[in-house]
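Could you use the hints to bring the two separately framed chains together as a complex?
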Amino acid sequence: MKKIAIIGAGVAGLEAGHVLARKGHNVILIEQKNTTGGNVRNWDRLFPNQREASEVYQPLIQQAVNDKLRILTDTVVMSAKYEKNTHRLTLSNGETLNVDAVLISSGFRVFDAHRKEEYGYGIYHDVITSADLEKIMAVNQKVRTTKGKEPKRVAFVHCVGSRDEKVGNTYCSKVCCVTAVKQAIEIKQLYPDAEVFCLYMDLRMYDRYFEDLYREAQEKYGVTFIRGRLSEVAESFDDRLQIKTEDTLRGKPLKFNVDMLVLMTGMEPTSLAELLATEFNIHRGDDGFFTPEDEHVNFNISRREGVFLAGTCKGPKNIAETIADARSAAETIINYLK
Amino acid sequence: MQERLSYDPFVLPFTFGMVYIIVYLIVAMARVINALPKEDKQRLAKGIFSKKIFISIKEIFLECLIHRKIFKHNKWLGFMHMSIAFGWFMMILLAHIEVKLYAPTRFNLPYYPIFFRYFMMETETTLRGGLLFFLMDFFLLLTLTGVGMAMYKRINKRRFGMRRTTRLRLGDTIAMYTLWAIFPLRLLAESFTSNVSGGSFLTRGFGLVFENFVSNPDHTLPIWWAYSIALGIFMVALPHSRFMHIPTEMLLIVLRNSGIKVEKKNKGIATISIYSCSRCGMCLDPCQMVSAARLNNRASVYFLRQVRHKEKETENTANACLMCGRCVQACPVGIDSCAIKQNVRDQRSLPTGTEQQYSYLPQPIASEIKPEILYFAGCMTHLTPGIKQSMEAIFKHANVNYQFMDEKGSICCGRPLLLAGQTAAGERLIETNKKIIAESGAKILVTSCPICYRAFNETYNLPIKVLHHTEYLERLIDEGRIKPQKSLKNFVYHDSCELSRYSNIYKQPRNVLRSIAYLQPTPYDGKDGICCGGSIGSTLLTSTQRRKIAIDAANKLTEKQPDCLVTSCPLCKKTFDNTTATDVKDIAQVVKEALIIE
Numbered sequence: 062m063k064k065i066a067i068i069g070a071g072v073a074g075l076e077a078g079h080v081l082a083r084k085g086h087n088v089i090l091i092e093q094k095n096t097t098g099g100n101v102r103n104w105d106r107l108f109p110n111q112r113e114a115s116e117v118y119q120p121l122i123q124q125a126v127n128d129k130l131r132i133l134t135d136t137v138v139m140s141a142k143y144e145k146n147t148h149r150l151t152l153s154n155g156e157t158l159n160v161d162a163v164l165i166s167s168g169f170r171v172f173d174a175h176r177k178e179e180y181g182y183g184i185y186h187d188v189i190t191s192a193d194l195e196k197i198m199a200v201n202q203k204v205r206t207t208k209g210k211e212p213k214r215v216a217f218v219h220c221v222g223s224r225d226e227k228v229g230n231t232y233c234s235k236v237c238c239v240t241a242v243k244q245a246i247e248i249k250q251l252y253p254d255a256e257v258f259c260l261y262m263d264l265r266m267y268d269r270y271f272e273d274l275y276r277e278a279q280e281k282y283g284v285t286f287i288r289g290r291l292s293e294v295a296e297s298f299d300d301r302l303q304i305k306t307e308d309t310l311r312g313k314p315l316k317f318n319v320d321m322l323v324l325m326t327g328m329e330p331t332s333l334a335e336l337l338a339t340e341f342n343i344h345r346g347d348d349g350f351f352t353p354e355d356e357h358v359n360f361n362i363s364r365r366e367g368v369f370l371a372g373t374c375k376g377p378k379n380i381a382e383t384i385a386d387a388r389s390a391a392e393t394i395i396n397y398l399k
Numbered sequence: 091m092q093e094r095l096s097y098d099p100f101v102l103p104f105t106f107g108m109v110y111i112i113v114y115l116i117v118a119m120a121r122v123i124n125a126l127p128k129e130d131k132q133r134l135a136k137g138i139f140s141k142k143i144f145i146s147i148k149e150i151f152l153e154c155l156i157h158r159k160i161f162k163h164n165k166w167l168g169f170m171h172m173s174i175a176f177g178w179f180m181m182i183l184l185a186h187i188e189v190k191l192y193a194p195t196r197f198n199l200p201y202y203p204i205f206f207r208y209f210m211m212e213t214e215t216t217l218r219g220g221l222l223f224f225l226m227d228f229f230l231l232l233t234l235t236g237v238g239m240a241m242y243k244r245i246n247k248r249r250f251g252m253r254r255t256t257r258l259r260l261g262d263t264i265a266m267y268t269l270w271a272i273f274p275l276r277l278l279a280e281s282f283t284s285n286v287s288g289g290s291f292l293t294r295g296f297g298l299v300f301e302n303f304v305s306n307p308d309h310t311l312p313i314w315w316a317y318s319i320a321l322g323i324f325m326v327a328l329p330h331s332r333f334m335h336i337p338t339e340m341l342l343i344v345l346r347n348s349g350i351k352v353e354k355k356n357k358g359i360a361t362i363s364i365y366s367c368s369r370c371g372m373c374l375d376p377c378q379m380v381s382a383a384r385l386n387n388r389a390s391v392y393f394l395r396q397v398r399h400k401e402k403e404t405e406n407t408a409n410a411c412l413m414c415g416r417c418v419q420a421c422p423v424g425i426d427s428c429a430i431k432q433n434v435r436d437q438r439s440l441p442t443g444t445e446q447q448y449s450y451l452p453q454p455i456a457s458e459i460k461p462e463i464l465y466f467a468g469c470m471t472h473l474t475p476g477i478k479q480s481m482e483a484i485f486k487h488a489n490v491n492y493q494f495m496d497e498k499g500s501i502c503c504g505r506p507l508l509l510a511g512q513t514a515a516g517e518r519l520i521e522t523n524k525k526i527i528a529e530s531g532a533k534i535l536v537t538s539c540p541i542c543y544r545a546f547n548e549t550y551n552l553p554i555k556v557l558h559h560t561e562y563l564e565r566l567i568d569e570g571r572i573k574p575q576k577s578l579k580n581f582v583y584h585d586s587c588e589l590s591r592y593s594n595i596y597k598q599p600r601n602v603l604r605s606i607a608y609l610q611p612t613p614y615d616g617k618d619g620i621c622c623g624g625s626i627g628s629t630l631l632t633s634t635q636r637r638k639i640a641i642d643a644a645n646k647l648t649e650k651q652p653d654c655l656v657t658s659c660p661l662c663k664k665t666f667d668n669t670t671a672t673d674v675k676d677i678a679q680v681v682k683e684a685l686i687i688e
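Same order as they appear, the protein sequences are chains A and W.
Each residue of the first sequence is one higher than the one before, counting from 62 in this note's numbering.
Each residue of the second sequence is one higher than the one before, counting from 91 in this note's numbering.
Calculated directly from the structure, the hints in this document are not laboratory data.
Pair by pair, the computed Cβ-Cβ distance ranges are:
id: 1; chain 1: A; residue 1: LEU315; chain 2: W; residue 2: GLU497; range: 17 to 23 Å
id: 2; chain 1: W; residue 1: SER633; chain 2: A; residue 2: ASP173; range: 14 to 20 Å
id: 3; chain 1: A; residue 1: GLY283; chain 2: W; residue 2: ASN406; range: 48 to 54 Å
Listed next, the in silico SDA-like pairs over lysine to any residue satisfying Cα-Cα at most 20 Å (straight line):
id: 4; chain 1: A; residue 1: LYS227; chain 2: W; residue 2: CYS469
id: 5; chain 1: A; residue 1: LYS142; chain 2: A; residue 2: VAL160
id: 6; chain 1: A; residue 1: LYS316; chain 2: W; residue 2: TYR450
id: 7; chain 1: A; residue 1: LYS316; chain 2: W; residue 2: ILE501
id: 8; chain 1: A; residue 1: LYS313; chain 2: W; residue 2: TYR450
id: 9; chain 1: A; residue 1: LYS316; chain 2: W; residue 2: LYS498
id: 10; chain 1: A; residue 1: LYS313; chain 2: W; residue 2: ILE501
id: 11; chain 1: A; residue 1: LYS316; chain 2: W; residue 2: SER449
id: 12; chain 1: W; residue 1: LYS646; chain 2: A; residue 2: GLU335
id: 13; chain 1: W; residue 1: LYS148; chain 2: W; residue 2: GLY349
id: 14; chain 1: W; residue 1: LYS498; chain 2: A; residue 2: HIS186
id: 15; chain 1: W; residue 1: LYS486; chain 2: A; residue 2: ASP300
id: 16; chain 1: A; residue 1: LYS313; chain 2: W; residue 2: LYS498
id: 17; chain 1: A; residue 1: LYS84; chain 2: A; residue 2: LYS399
id: 18; chain 1: A; residue 1: LYS129; chain 2: A; residue 2: ILE395
id: 19; chain 1: A; residue 1: LYS227; chain 2: W; residue 2: ILE641
id: 20; chain 1: A; residue 1: LYS305; chain 2: W; residue 2: SER449
id: 21; chain 1: A; residue 1: LYS235; chain 2: A; residue 2: GLN111
id: 22; chain 1: A; residue 1: LYS227; chain 2: W; residue 2: THR670
id: 23; chain 1: W; residue 1: LYS533; chain 2: W; residue 2: ASN551
id: 24; chain 1: W; residue 1: LYS400; chain 2: W; residue 2: ALA429
id: 25; chain 1: A; residue 1: LYS213; chain 2: A; residue 2: PRO253
No experiment lies behind these values; they were computed from the predicted model shown.
Idealized CB from N, CA, C, for every residue including glycine.
If we strip away everything but chain W, and leave its shape as in the complex, we get (with noise of 0.2 Å):
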């Protein structure tokens, strides 16, 4: 291998995109990191400087090389992925370990590895350089079927597990296409120098038909024109585009292994997030404001992009948003988008108002016989009195010394404020609240309501420990405490979001239900669970359009015609009365119906 040449004038486009995007990340980098709150910068370095580094390293290679998460959601969308990123990036590495090996002197040009083989002729032929040119044809051949297959998926989507797809942007648009171009191009330049550089079965078999037409390797000087210009302008695209996700999905794993998360006022790691969205579209499925609502515009896909380059519908899709969280279940980056919402729906908070506003509020007395239990129905809980009836038959059944907090009148636990980005109004109920938990001097709170048990369980910071009905019930079943029997009938369980995908509370539920009837599983099942339509997380969905996606639902849930719908949220299970002829009833109500009560 010896130096033919060590310049030309054609790699300036490629040179002039790498030092614009290297500026360019440099900048929005430190700008990122600056914007990081102290104690995150302190994560962040404790991130960097421990072994923590070597798990980010591994998740960068297993998702953004080998996109470990889309394979599993489908091997040919995940192959498609892996052969672009992978191939190419092993091309880049081999690259540099050409010139390290053949060309050492040249190594710190940036564009003498990737134009390589316009340098370099083949003087003799070894093994290691057999090797060498072997594998760079071998992950070119990789990128390009990768390429193929891109081209195919925009033809025939559903091959590749997705319904949908991302419409694109100008910005978008150009950077892809010039993608697309860059490896045929790479191909071709080689080919046709490959008489002087030497290359392997795709190179040199492209080469041996091209020679017929140019044998002279300075003649194909366009094609490496054309081959630098796609470069380039990929280079100066990509930060304007969704391929600006190659870069910071990397930073986001380093920044997210270091333990620091999209919270309020956290400018930092919210931008990352933004960013490192690579608008594959694989949320777009599972949202069903998008299946069921037809609301194209409100997927998170395009609230990322909305937010990035501040377009006024953003605040809206935040407000749309049902907060399901099936999207971020979805995400092969792992973005937090619903935390990003809440971000934008708290930048709208209100003041307080004013103290009379909140006379109603209750004084609360120490209770004086400390009761075992406190249970607090929440609001939902008493417009469906099925549910409180049950829960209070089974205490009493039980024998549980329990005290009912909202028996006469409910004070909200502030969590429909706080998703609606009025932290300040919500902030008093809590307090108040705060204080008929203490003053009740119970040691377990129960509560109906997975909305409400959220807020306890991670707003609140109570000293003592809260329980949804489904695990107490599971508990007091296995003390013995009651004793439901079994019967021969079958239902279906929904997951509802609140309490399996945010509290991963699934096993309780199916464990109590499987002790007094068969259970069916379903597709939507555990973290696959979907939303009743019902959510308090949205604020702008219409009535009708909440429908279309509960009677959706209810269809899913309710084709193998199970005897009983059986829900653990109030919200859904009156959302549910509504849309289906099925039975619909609260865990706590099927308990209830199970247990031998005189």
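Same shape as in the complex, but just chain A (with noise of 0.2 Å):
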């Protein structure tokens, strides 16, 4: 029975935790935060079909106890050394582990949309993230403005924090643009009479049933796309949020308002990411995200020996292709280990 440590337990950390527990490793999975599945817990339903995320998660995170893993939660690893074959890991809560290999799976974070001032976001009420969108759909099951009404006009916007030069971050998010459109349909499916737009750069439904869903959201739900980025957002005079844009396929300027304004946030790399590929010296991209060795077929091994990579913290990816991810990593450290 070998020792690994698994940092991060979201999607990734999760499944790949319970292949190697079923192989009969000794697990120690290692979260940051106060509990385990990662993001999707924050998320209400899942593209393209509305699947409840919880769906999802519930038994990701039951296996885990099932697998009676070493869960560590409110852990960071604070410094990492490798010698004779084992990876001495010191941890923020004082304790230091020797595991035989480790398995990265910090995923990402939402990207911070503070940082796009001009979207007006923690500045006009009634601007939103998608993420915060989740959020109330999973509590209330309904949306209202600031101000308790239903919103008569949304807006969503495309690649905030993606393809994005100006704030540093130049890949897709991938996940952003069916989010988009699941989101509008959610709106129309709440409020019918509701006008909502998508402004997008370009629509990637790179999936299957993706363009299906775009096209229902046109003919079936109504919604509009607008072809044109944002470029600022002011309060207008009856207390809405004025919006200017560019339709730039009839290359018109448009200025309107709306009532609310949903910002569609790319993933970044956490914050862990910076200090992990210092202890453990493996590579990072210009944008952060960790490299592998080889990215077509060993794409779960690190320059490191014994530091594995799974999931999200190699760059954007949806819940199917992490998971897929994430055993591909795991039959990888059990070929390792043997």
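Here's what the structure looks like:
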């Protein structure tokens, strides 16, 4: 029986932990937050079929309990040393762990929308992020403006913190486009009379069912898609939000008022990534995500021996991709420890 | 002291170089002065035939010989420059005194003072002669020390307070090595001859050693030839090298003190400025394009060289510059390289375009109620709405009767266009804004953006007072119209280039901030302020290059981990927001937070 430390108990960490435990390994999950399940826990329903997110994360959390995995929450790795095939990890709780392998599945964090100040997040009321909307939906199953009214006009802004050189993120976060389509439909399902707009650069409907969902949003629900980036937001005289954009397909500048603005915030490496990269001496790209030794075949192997990578710490992924990657990482670790 | 000879063919290389450089300088100077506009010619005449000339002479002495500004930067670097310039100058001066005293009839021979030791023999020892011998040797030693230091600087520049030095061109290399050769050759030549000509501790000392090899002064001719050739080569190479700064810097000082500035279409002083660059490289370290983004060729020293040699890259270098002015601040010669870059940009100005393109410009309407304050947020402030929101809250709290000039939609102040060299298009916006300002009837214009502030202040010629909101906030506090509460937080203040270096607004924001929190000093305060990297001055830098500069600047400013990095420019705030984990707020926001607003 070998000892494996998994850093990050989100979707990837939980799934990999389960596979490794079934093989009889001793798995320790180290989680920075006070709960396991990662970012998915903050989601209400998932694309493309509006399935409840809890249907996905609850079994993952239950698995870990059933497998009797040791889970350290509110804990981070402070330093790591590697000698004689053993990784010695010093944790924030003062404990020292000697393990045979380490799996980094530190995941992503949602882009902080305050950094796009021109969109007014934290400045104007009723400017929220996609993550906020999920939380609101999960708690209330309804959406209200700060004045307690039903929103009559809602705009979704794509690519907030993604594909934006000015905030330093040049990559696409992959899941926001389809999430916007899903959330736009959800608003229309709640309030069929509301006008819903999506302001996009490109629509990246890359996976199975996505294109159909996009069509459905237009044909069945009447969501309006405008190709143009949001330039700035201001408060209008009637206390709504005035947004300025451009319809680039018609070449016309646009200015209109909305009751609610939803910013589709992208994925960024977690704040832990820098520390982990230094302590384990592993590669990061210019975007801050970890880079495996081989991007096509051995995509779970890092530069450091016995340190493996899984999930969104390597870049944006959806849930199915993350789970597949976690299983692949577990398999790689099992072979390595043989 | 008695004359031994009055001529030898070895003086020819020197004399040729001397004639070459004098002719070159007279022609060049005539062309430059001729290129000056009429008003500037008048200014120059006033500058020469008035008290101003004494200021110029004093400045020439302090800067060209003593190198005061370089001393302030680093004493070793200052000593090196001073010892070569001042030492050499004193040797030339003393040599002329010697000729005047001992061979007055030869004073009209240009080579005579230079090779005085070869032509004269010491017949009797006098106190006056001894003193002159001593002084000559002393200044030769001083110069040699400087040359030695210059050689050492090539190996260890950090000792002289420099991380980077300039890469040399062929002309520079030839001139520099001949300059290095001149003084050791002079020492050798005068030492060899010292048994006849006389000398002091240095030349006589070496002479006693050399006498064992050569005792007849005529047999030392090859070394006098070498000395003369070195001088000749140096003087011929001088106008084609960085050492051209020696004569031109003096003229630049006179022109500057006459009140002539590098402005549009002003070729004369721009040319003199370009030639006055000694390529000392002191602008390399302050340039953040060099230190943070590793774009070495973009430094002002290389820009000036590119202009001088009409290189293809000139325009790109001019467009890449952030125009932060740190190089101008660091330049010991005081060359306004940013103004020269602006001249290069202006040459690309496009026509304004059709009237239709300007149809969006609003028609100004006379306002019935005359506001106390006209507030102009500016485009960048509209992209950082937290600032305008705070300003409005402060206005309301202080019961200020204000009018928000660009609330509904702004027209640009025009400065980004002017900076990009699009003068004609910029003028259109300026005209419209001027009308709007005049119609408002306000007495004070307050803006939140330092970029707009400079445009209003320097380009618009407004009949009303223009204040940046830092100044206005200070005024409100002084007048007791707002009473912010002091907290235990500690702040770091970032001096934006436009507001601090260009507009001298240092104290006002600090007075405001000290009244609400503890203000930590940084090494980048005031004139040494660093650029955030977001400057609209550059039209060529990529986001990645800007980001490198921004991260470096943010790290430097937040070294002491303040609670908040306070900015006064919306563009700087926006840039820092995305580069540091530290809280970044505008001064208006922190003041608003310190007010008790119901």
